[in-house]
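Hey, can you work out the whole structure from these sequences and the hints?
Numbering that gives the first Met the number 0 puts the first residue of the sequence shown at 0, with every later residue one more than the last.
These are calculated hints, taken from the structure and not from any lab test.
It is possible that part of the hints are untrue.
With a straight-line Cα cutoff of 30 Å, these simulated DSBU-like cross-link-like pairs (lysine-lysine) come out [what the hints assert, rightly or not]:
| no. | residue 1 | residue 2 |
| --- | --- | --- |
| 1 | Lys118 | Lys71 |
| 2 | Lys118 | Lys333 |
| 3 | Lys333 | Lys71 |
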Amino acid sequence: MKLAISPLCYLCVLAFVTAACSDDEPTSTRTLALGPPSVFVQADRLKSPRGIAVDQSGNVWIADTWNNVLRKLSPQGAQIDSIETPASRPSHITIDRVTGDLLVIMSDNRFERFVVQTKTLLTSIPFDPFPGDASAVFDVNTRATQQLALTVNQLGDIDSSPSGDFFVSALGAPENSLLKISNGNVFAIAYSSLAPQSSAERGPRFVSIDSYGTVYTSFTMLASSSQNITKTYSLNPSNVTQSNPLNEPVVSSLAAGSAMDASGNLYVVEPELQELVIFSTTQGTTIGRYQIIDVAGLSLRKAPQDVAVGSDGTVYVVLNDLQNPTGGPGAVLKYQRISQ
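Here's what the structure looks like:
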């Protein structure tokens, strides 16, 4: 049924909407509000979990690190599937945006790809030692590619791009590099001009990619103990453009994991400060900061390790026990978005 609206009524409605939408401060910062956290899954089922990801159906994957298992949970928190990883402990994880495969960083510096439907290990790439024939380092400053012996001390965060490529943060890689895997080829993309004193920085810490393929990562400035978010446009090593630092530091020195929502908001967790920080990449400023302290029904002392955001805006945060970070109880918190 359609309703007929008189011209006078239409003008009244238009005037009301215009008044309601007007803003005396058009440049004011919008905030993102989350409701109080609830316990999504409790400690007795997890041992020092590290990574988390949400698939297109809203199911939640958790890297149950010290149990050597990848757990698939429903949006209500019930386990509906699992993949065992007896050879190594799973760490950070993400979902391939093209295939839906589960991409996993293992604790022994290995990348593995699992086909979710069949639980099949499709790809396994060791990064230590790094594959010598693929150790091409592309420098965004000189736009030159050279062969270097790449030493990886620790693989960190991982995210998939809309094109199917994915990026891995690697501490200890030369020239503060991100590792990029594209069509089976591995590249180290160097960002040596991010700081005037490259020796005073360490990174990258985390990596997240928005719906346009823009890559966001961070480098710890050891001199100031602050975390700089750095933005770079990167689809493949042949067209990487100069990286641009965003307007402000986001969190302090040891950010562990990050996630990006559909609106371009970057979520970062900081274990030492026990914080969840939300940064708007469109506004260039922090729009939310939540300290993870007292949570009803949660007994462990909390150290956030990773964060994931569902398509409906639900936020999940993986926690470890501060008193026993290696093999101790873990949990996942769930935040519902209130407003934007």
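Q.
Tell me the numbers of any earlier hints that the structure contravenes, in ascending order.
A. The structure breaks none of the hints.
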